[in-house]
Amino acid sequence: MNLFRLPDELIFSALCQQFPCRDPQIRALATLLHPSAAPCPNLVLHGTEATGKTAITSALLSKLSSSLDNQDEKEGPTLRYAIINSLECITARHLYETAVAKVAAALEWDLSSSGRCESVSQLTVELCKMLKYPSRPDGFRFVLVFDGIDRQREAPGTLLPGLARLSEIIPRLTTLFIVTTPPPSLHLHPPIPHIYFPPYSKPDYVTILSATKPPPPSPTTSPSDTADLWMRFIGAVYDSLAKAACRTLPALKHACETLWPRFTAPIAQGIYGAREFSKLLVAGRVLFQDENVLEPGVVSLPPAGSSKPSLPSNPNPSFITAGPLSPVKKPPQPSATLKGTTTADLATLLPPTARLLLLASYLASHNPSRYDITLFSTHYHGRKRRLGGPKLKSSTPGQRSKHRKISRKLLGAHAFVLERMLAIYAAVRSEWDPKFNLREGDEVVALTGDVDVGMALATLASLRLLVKVGGAGGGGSAAMGGIGLSGGGGLVPADVMDRGGKWRVNVGWEFVRRVGRSLGVEVEEWLVE
Amino acid sequence: MAQVHSSTVPFEEDDHRAAFIFSSGEDDRQLPTAASRPAKKRKLAGAGKKAASQPQLQQPAFGSDSTFIPLFNGAESPEAVNLRKELFEASWPVLETRIQHVLREANRSTLDEVTAFLQQAAQEKTEKITAGFIITGPNIVSQDLLFEQLSERLYTEIRARVVRLRASEVSNLKAALKKIIRDATANESEDDDGSVVVPSTVSKALFYEAGVRTMDVDPKKGRKYLDYDLDVLSWSDRIQFDVLFGVATSVELFQARLPRSTARLLYGAQFDVVQANSVLESVVKTAVAGSRATLRIGPSLLRSLVDRQQEQVAGIQLFVSSVKYAYMCHFYANPLSVLLAKQLDRKLLQPEHLRAVRMLESFKAKVEVAIDARQMNHAQAMIEDDDYLIAQILEQQQKCEDYLKQLLRTLHLISSTGLSTVSFTELYMTALSKGIDLEQADEMIRPAEVVRRMNADEFLNFIQKLLHATETGSPELELQGWASEAEEFVDAVTELRGEVEGLMERSKHNGTTLRSQYSAQSKVLRTTVVAQKVQLSQDTAALTEEDKAYTKAIDTMTALLSQYLRCEPINNLFLHEIWVYDSKLPYREVFVPRPGAAFARGLSRPHDYLACACCSKVDGGLSSTLPTTCILYHLYLEAGALINVADLWSAYYGLVGNDDDGSMNREGLDERSALVCFYRGLAELRMMGLVKQSRKRADHIAKLKWL
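The listed protein sequences derive, respectively, from chains A and B.
Under numbering that gives the first Met the number 0, residues 0 to 528 are what the first sequence spells out, in order.
Under numbering that gives the first Met the number 0, residues 0 to 706 are what the second sequence spells out, in order.
To give a feel for the contact side, a few chain B residues facing chain A, derived at Cβ under 8 Å:
no.: 1; residue: 132
no.: 2; residue: 137
no.: 3; residue: 173
no.: 4; residue: 176
no.: 5; residue: 250
no.: 6; residue: 263
no.: 7; residue: 268
no.: 8; residue: 311
no.: 9; residue: 312
no.: 10; residue: 703
no.: 11; residue: 704
no.: 12; residue: 705
Hint data in this document are derived by calculation from the structure and do not stem from the laboratory.
Backbone N, C-alpha and C fix where the C-beta goes; we use that ideal spot for every residue, glycine too.
With the hints as constraints, model all of the structure from the sequences given.
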């Protein structure tokens, strides 16, 4: 038995076919894991997401261990492994216990104890029981894989160093860490080998994606033509969309699959042949300019029944998000029934009072309070001032003011006091609420002490369209030391109607404009730019 | 008040009490809470033989007068009180189950869609998580019912186990997982595979194959759920599950808060819930207008209920409870509600009842009408003869039923044949308040115009609808078909149909289309140029014999409709007060209280509430005899945004203190006790949320309430 022996070449060829463009990484990994090659105590794999770290590791480990098991040599090397996915472990303790359980399962060890494991040291003890003390043959090697260990929840600070020390205590153990970005502390230990999984390059992407066979654009297209077109298509998609805006394989794949039926629609219609790639490209150039394809839609099924493949000239946004490759097979049922019902727009779902309050909050959040009198007071003009409000005095054009002001719209929503918003509401209500004047006649107009306003506020707050800013209780808990009152401050519960609290509107301009239009209000007129 | 409390013990409504009344007194130990609690327990435990002496002792107090108090200043007989109670208990639950049924029915299509989507998604193999987004609208209360139904439905249809997560219940991932495991394994012991041990740790539990596991998440609260999705995905190769989100706002807002990597994992579809307006419509049909409703909600109350529903409230539940409250008020507080009983025992009616009846507006109106019509005997008997009045009352019951039937039939005909475009609710309210009289020009229903605009086919179709509505009635309104009762009408309509059909045949034979005088085509605009001037003239195209006959048929139809479809306003009925509840005030006080206004009034005019002698002359002004807090409130109203406490104190002390100089006569407070009062009043103002300490300036308080 020679000391150094590389793993079987057969394993590599099979794996390289399964995972193209990862040949060097596979070989390095296999060398560092194989018991009779150059096994090392600790190993770090790093690279951005979707570069094949986890898939390659698990495939390689299963191949290696099964190939070693199949060997006839009695005292030959054996490899056992356990993969622990940190995503599945919600606490560090959960991680330890999972590790113990998985190791025991890999060794077919009868785990008689309860399996409680609270810390790294306990983990060490448990692992020692299974790996260190029982006598193992010479060529035995155990690989413990911690997948995504950098994303472990509630991880104590000692987790990584502790796990890295495991292999010092337990011989014949390789601890493998799969991380997205290696923490700098890992670099402080030069003996730990790192294997980097770089992002794929364009040729890589083309190679990988051409492994998947797309449906032929028309029944008459030959498979070779389809494959050729598909390859060139992938290149085009990569250049136009993926290079700049998305980096991962799944996103590119998603984009390709979504665009493919629309890109090849002219072929299906018989306008162009499958070989006229440049003509197809020109015809479908709109497709490659729209980055919406990369935006994954939550709703995959289109709300309206657009089940036929739409033409490039008709960019239907609901279709863009429709994922599956074969849009003809679109599930028919929910869309058909949904079509008739009214679209559940929030602007129509909210009761009018709540909508008015939302608009008032938006104004309170976005208008500086010093303009309130100009905007909402009826004192001088008899009617409220609107249309842009006061213009900021522009100095002479050549002269730039010293500090340039950033538009308030860009600065986002400011916090406002509830009282101010209610005052704005009371002021604008007479103009915005069409029924306001009608109601004034027969009964006393309920002002802001009304429970209905409180209810609408609570609705908005529960929907998180309005959020409370600052600590609970606001100013209510401040002790009134100035007049010698103390104590009792904390007794005031922080509730929605606390007048002292500050609020902020939590929706954007587009939404507010829509809500405003549903009430017949142009919110723009009430905003000071 | 304390006495009342102790006598109405069995209710144990302390939880709902706005204020507790502490009675430290003689009968401390006999306080009902202490006495009734153990008795109740025993009652629950020993359902069988153990129903011993004490429960029996409690029983009468529990049964009769404890909840409904005798009216007429206590002169009402216990039988009448009991009858009122029974009436209430017989009428409301029936309605409530009907309403529940309506609400459940309203969700049906959503349930169908969701189930179909899940089934279809289960067949389609995707790597993504199936996610349904149910746009429930801002009405969170009604979501409960929907998701409850959903879990029942999914369990029976596709054997899915549903775990419901609410944003408020599960604050972090651990709690969410715990809840999922607990709920998903809760029913396990009843299931076939009893082999699954209730897991001790999280890890084991999640390996359990749970069919389709569905969870719903309340409105997107922050990003935490998004993490869950990612995590949960790592289990998806072992557990098949789907996610259903109850989204209160919109999918766009939801998506905006999702990271893209999560969004990519979802295979979603969007579902809408039936809108509140249509639910309201059917609830009104069932619970308010339907013939099962024993009590009518009057037009003005109904109007304010509906308005409020549309303007302010998103949920239907509030409407239902408002209706229930109206029932409660009527049966609890109106002694005449006993007259609603189907078989009224004459002995039950006390002299007080009859006196009360004679006080009613509608009684007075009726008597006046009788006098005007010179039916003196009738009027006199009504006023003086009790037996005569009772007979009249009993007779009126039948009349009311007839009126109701006529009303509902009319409304049903109008709404089902499309004579009016407004909603049923609107129609119903108008009919109650103004009555229906088709001959008077009414904005809502103009049958003549609608009918005249029809062509012959539409006309036949309309007749068909009329006959159909007459035959079948309306299940929603619980209205039976009444074709046998309205033979005259049916015959006339059928005759018209035959006639028009014949006319159509003939005109087809002649090769012309049947049209009436009213149809637009009959008028032809002519332009003639005479001496270089254009003249416009309207010509009536010549009508054939058939057309004239058809026109006549239409006229007959409109006459028939306006004769048949009519009803009076409800207020014109004799004794309508008994079966119509139209009082807005109790409703407003309970459902739309105005705490702000009440506070302001209480503080500015305390005399209205205290009725003390000292402040009677103040009338909203400032006076030293007012309670301290009120004085401070008055000063507060005059102050600016920031109030110097020292100034406030000196103003206050100037008002109540015993100044050393000048008008020494009045009895002022000395400085120390005034200071105590001042502190207390200021603390009360703060507790009411009117002021808070200002951080801007020392020794100042900030004014919080402006409106």
